[in-house]
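Colleague: Order-wise, the sequence lines are chains Z and F.
Those letters in the first sequence? Residues 0 to 123, by numbering that gives the first Met the number 0.
Those letters in the second sequence? Residues 0 to 297, by numbering that gives the first Met the number 0.
I should point out that these hints are in silico values taken from the structure, not numbers from a laboratory.
Owing to the predicted nature of the structure, the values given are computational and were not obtained by experimental measurement.
Among the clues, some could well be false.
Under the rule of at most 20 Å between Cα atoms (straight-line distance), these lysine to aspartate or glutamate pairs were calculated in the DMTMM-like manner [unchecked claim]:
{"#": "1", "chain 1": "F", "residue 1": "Lys17", "chain 2": "Z", "residue 2": "Asp81"}
{"#": "2", "chain 1": "F", "residue 1": "Lys205", "chain 2": "F", "residue 2": "Glu142"}
{"#": "3", "chain 1": "F", "residue 1": "Lys77", "chain 2": "F", "residue 2": "Asp107"}
{"#": "4", "chain 1": "Z", "residue 1": "Lys103", "chain 2": "F", "residue 2": "Glu103"}
{"#": "5", "chain 1": "F", "residue 1": "Lys186", "chain 2": "Z", "residue 2": "Glu109"}
{"#": "6", "chain 1": "F", "residue 1": "Lys77", "chain 2": "F", "residue 2": "Asp115"}
{"#": "7", "chain 1": "Z", "residue 1": "Lys112", "chain 2": "Z", "residue 2": "Glu57"}
{"#": "8", "chain 1": "F", "residue 1": "Lys205", "chain 2": "F", "residue 2": "Glu14"}
{"#": "9", "chain 1": "Z", "residue 1": "Lys103", "chain 2": "Z", "residue 2": "Asp8"}
{"#": "10", "chain 1": "Z", "residue 1": "Lys103", "chain 2": "F", "residue 2": "Asp149"}
{"#": "11", "chain 1": "Z", "residue 1": "Lys112", "chain 2": "F", "residue 2": "Glu154"}
{"#": "12", "chain 1": "Z", "residue 1": "Lys103", "chain 2": "Z", "residue 2": "Glu45"}
{"#": "13", "chain 1": "F", "residue 1": "Lys186", "chain 2": "F", "residue 2": "Glu169"}
{"#": "14", "chain 1": "F", "residue 1": "Lys17", "chain 2": "Z", "residue 2": "Asp5"}
{"#": "15", "chain 1": "F", "residue 1": "Lys263", "chain 2": "Z", "residue 2": "Glu109"}
{"#": "16", "chain 1": "F", "residue 1": "Lys163", "chain 2": "F", "residue 2": "Glu91"}
{"#": "17", "chain 1": "Z", "residue 1": "Lys103", "chain 2": "Z", "residue 2": "Glu19"}
{"#": "18", "chain 1": "F", "residue 1": "Lys186", "chain 2": "F", "residue 2": "Asp206"}
{"#": "19", "chain 1": "F", "residue 1": "Lys263", "chain 2": "F", "residue 2": "Asp290"}
{"#": "20", "chain 1": "F", "residue 1": "Lys186", "chain 2": "F", "residue 2": "Glu207"}
{"#": "21", "chain 1": "F", "residue 1": "Lys163", "chain 2": "F", "residue 2": "Asp206"}
{"#": "22", "chain 1": "F", "residue 1": "Lys186", "chain 2": "F", "residue 2": "Glu209"}
{"#": "23", "chain 1": "F", "residue 1": "Lys186", "chain 2": "Z", "residue 2": "Asp75"}
{"#": "24", "chain 1": "F", "residue 1": "Lys70", "chain 2": "F", "residue 2": "Glu103"}
{"#": "25", "chain 1": "F", "residue 1": "Lys77", "chain 2": "F", "residue 2": "Asp111"}
{"#": "26", "chain 1": "F", "residue 1": "Lys186", "chain 2": "Z", "residue 2": "Asp8"}
{"#": "27", "chain 1": "F", "residue 1": "Lys205", "chain 2": "F", "residue 2": "Glu91"}
{"#": "28", "chain 1": "Z", "residue 1": "Lys112", "chain 2": "Z", "residue 2": "Glu71"}
{"#": "29", "chain 1": "Z", "residue 1": "Lys103", "chain 2": "F", "residue 2": "Glu154"}
{"#": "30", "chain 1": "F", "residue 1": "Lys121", "chain 2": "F", "residue 2": "Glu169"}
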Amino acid sequence: MYARVDVTDEACRVIDQLREAHGPLMFHQSGGCCDGSSPMCFQDGEFRVGASDVLIGEIHGCRFYISRGQFEHWQDTHLTIDVTPGRGASFSLEIPLGVRFVTKSRLFTEEEKQDLVPVSSCSS
Amino acid sequence: MPPGVINIVNGFGPEAGKPLASSPRIGKIAFTGETTTGRLIMQYASENIIPVTLELGGKSPNIFFESVAAKNDEFLNKAIEGFVMFALNQGEVCTCPSRALIQESIYDQFMDMALDRVAAIKMGSPLDTSTMMGAQASNDQFEKICNYLDIGRAEGAEVLAGGKPARVDEFPDGYYIEPTVFLGNNKMRVFQEEIFGPVVSVTTFKDEDEAMEIANDTLYGLGSGVWSRDVHQVHQFAGGIEAGRVWVNCYHLYPAHASFGGYKQSGIGRETHKMMLDHYRHTKNILTSYDKNAMGFF
Numbered sequence: 000m001y002a003r004v005d006v007t008d009e010a011c012r013v014i015d016q017l018r019e020a021h022g023p024l025m026f027h028q029s030g031g032c033c034d035g036s037s038p039m040c041f042q043d044g045e046f047r048v049g050a051s052d053v054l055i056g057e058i059h060g061c062r063f064y065i066s067r068g069q070f071e072h073w074q075d076t077h078l079t080i081d082v083t084p085g086r087g088a089s090f091s092l093e094i095p096l097g098v099r100f101v102t103k104s105r106l107f108t109e110e111e112k113q114d115l116v117p118v119s120s121c122s123s
Numbered sequence: 000m001p002p003g004v005i006n007i008v009n010g011f012g013p014e015a016g017k018p019l020a021s022s023p024r025i026g027k028i029a030f031t032g033e034t035t036t037g038r039l040i041m042q043y044a045s046e047n048i049i050p051v052t053l054e055l056g057g058k059s060p061n062i063f064f065e066s067v068a069a070k071n072d073e074f075l076n077k078a079i080e081g082f083v084m085f086a087l088n089q090g091e092v093c094t095c096p097s098r099a100l101i102q103e104s105i106y107d108q109f110m111d112m113a114l115d116r117v118a119a120i121k122m123g124s125p126l127d128t129s130t131m132m133g134a135q136a137s138n139d140q141f142e143k144i145c146n147y148l149d150i151g152r153a154e155g156a157e158v159l160a161g162g163k164p165a166r167v168d169e170f171p172d173g174y175y176i177e178p179t180v181f182l183g184n185n186k187m188r189v190f191q192e193e194i195f196g197p198v199v200s201v202t203t204f205k206d207e208d209e210a211m212e213i214a215n216d217t218l219y220g221l222g223s224g225v226w227s228r229d230v231h232q233v234h235q236f237a238g239g240i241e242a243g244r245v246w247v248n249c250y251h252l253y254p255a256h257a258s259f260g261g262y263k264q265s266g267i268g269r270e271t272h273k274m275m276l277d278h279y280r281h282t283k284n285i286l287t288s289y290d291k292n293a294m295g296f297f
């Protein structure tokens, strides 16, 4: 089965660094202004997910969520979580390190579409 | 302003934003940003039961009815400029008219003129007064926009202008992006997500019903533009758009006392109008009796 979300080695290293400082982590994909379209990294449980969110996978041991409304438009795209130098404008934990997680998207191939990891509704 | 009324606290989200948002000393929070942090702020505010106002961006439709092209005059010229207002975005314009809806009957004529105007945009040094568009605000913004340019193409949107980073000789490492015009349909990601850069996604509509359906088929509802020579049409149409600001025969004007804020996931509350003060005040009712006599119940 094909994953909906993957992570680069470089992003894994940042996740390790953050996990050491903050403990278990989670991700929520944002939308809208400013840092919108970027993935947000929080201490696990810091951000309350609910029935309007979808769990689309796990990256390097962290659950990755997106809001259901946004998932409607994102469901045909594969996401790769990468990291880039920069200064985001949100509460995401990596920002003080001078780097920002970014979401890179590409369309799923027809083959992948037939065999995607199922998404699940959230339990926080 | 008396001393102490405005205090600026700089810092990162986890160390400054969160303690502020969850402090019992705070009576009200306003936040401008994106949806995940907006939800997080609401969550923190709920711990102290304090009110929140939010401005979380948009994917604003800019709608051009056929009457704009009925004459080749100064108003048509203004409408073309209104279309090109998408290029006024260096990664910081929430109300960017990033979806252009053009009536089918005028599409060819309108787009010919609009693309000429896009091609005339001069990029360069922000200190040169003839520069019309500078670089994007940050590296992460630049990369995000580039990724959307790839997604748009992959989803089958046609690139009518731009579509890649721009090279400005004076600043070879500058975060410049060519003003980009995509042609596609409203279900594509480039029509549904705030790219936050000089990118517009164009589609056509047959009639008012279809225009309204497309305009409101979005998670957001911050800005919008309606262009027509028919005053009845604009008035009626503006009423149906689910957005906090409808610019009629203009775009990107922000006069004081014009309320500003969003429908749907664009947020809660209104700013830049006197009503904004109500978000920061309590309504108190002091009910005094001038009658010395008991009510007579007990």
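Colleague: Quickly compare the C-alpha distance for lysine 263 (chain F) and glutamate 109 (chain Z) to 20 Å and report which way the hint goes.
Modeller: It is violated: about 33 Å lies between the C-alpha atoms, which goes past 20 Å.
Colleague: Need the status of pair lysine 163 (chain F), glutamate 91 (chain F): alpha-carbon distance at most 20 Å?
Modeller: With Cα atoms ~19 Å apart, lysine 163 (chain F) and glutamate 91 (chain F) stay inside 20 Å; holds.
Colleague: Hinted pair, alpha-carbon criterion (20 Å max): lysine 263 (chain F), aspartate 290 (chain F). Please report holds or violated.
Modeller: violated (49 Å)
Colleague: With a cut-off of 20 Å on the C-alpha distance, tell me whether lysine 77 (chain F) and aspartate 111 (chain F) pass.
Modeller: holds (15 Å)
Colleague: CA of lysine 186 (chain F) to CA of aspartate 206 (chain F), is that 20 Å or under?
Modeller: holds (19 Å)
Colleague: Hinted pair, alpha-carbon criterion (20 Å max): lysine 112 (chain Z), glutamate 154 (chain F). Please report holds or violated.
Modeller: holds (15 Å)
Colleague: Taken at face value, is the distance from the CA of glutamate 169 (chain F) to the CA of lysine 121 (chain F) at most 20 Å?
Modeller: holds (13 Å)
Colleague: Are lysine 17 (chain F) and aspartate 81 (chain Z) close enough, with their CA atoms no more than 20 Å apart?
Modeller: Judged against 20 Å, a Cα distance of about 25 Å means the pair is violated.
Colleague: For the pair we were handed, lysine 205 (chain F) and glutamate 14 (chain F), check the Cα-Cα distance against 20 Å.
Modeller: violated (52 Å)
Colleague: For the pair supplied as a hint, lysine 163 (chain F) and aspartate 206 (chain F), confirm whether the alpha-carbon distance does not exceed 20 Å.
Modeller: Violated - the C-alpha atoms of aspartate 206 (chain F) and lysine 163 (chain F) are around 33 Å apart, more than 20 Å.
Colleague: Within 20 Å, alpha carbon to alpha carbon, are lysine 103 (chain Z) and glutamate 154 (chain F)?
Modeller: holds (14 Å)
Colleague: Between the alpha carbons of lysine 77 (chain F) and aspartate 107 (chain F), is the straight-line distance 20 Å or under?
Modeller: Satisfied, since the Cα-Cα distance of roughly 17 Å is no more than 20 Å.
The earlier numbered hints that this structure contradicts are 1, 2, 4, 8, 12, 13, 14, 15, 17, 19, 21, 26 and 27.
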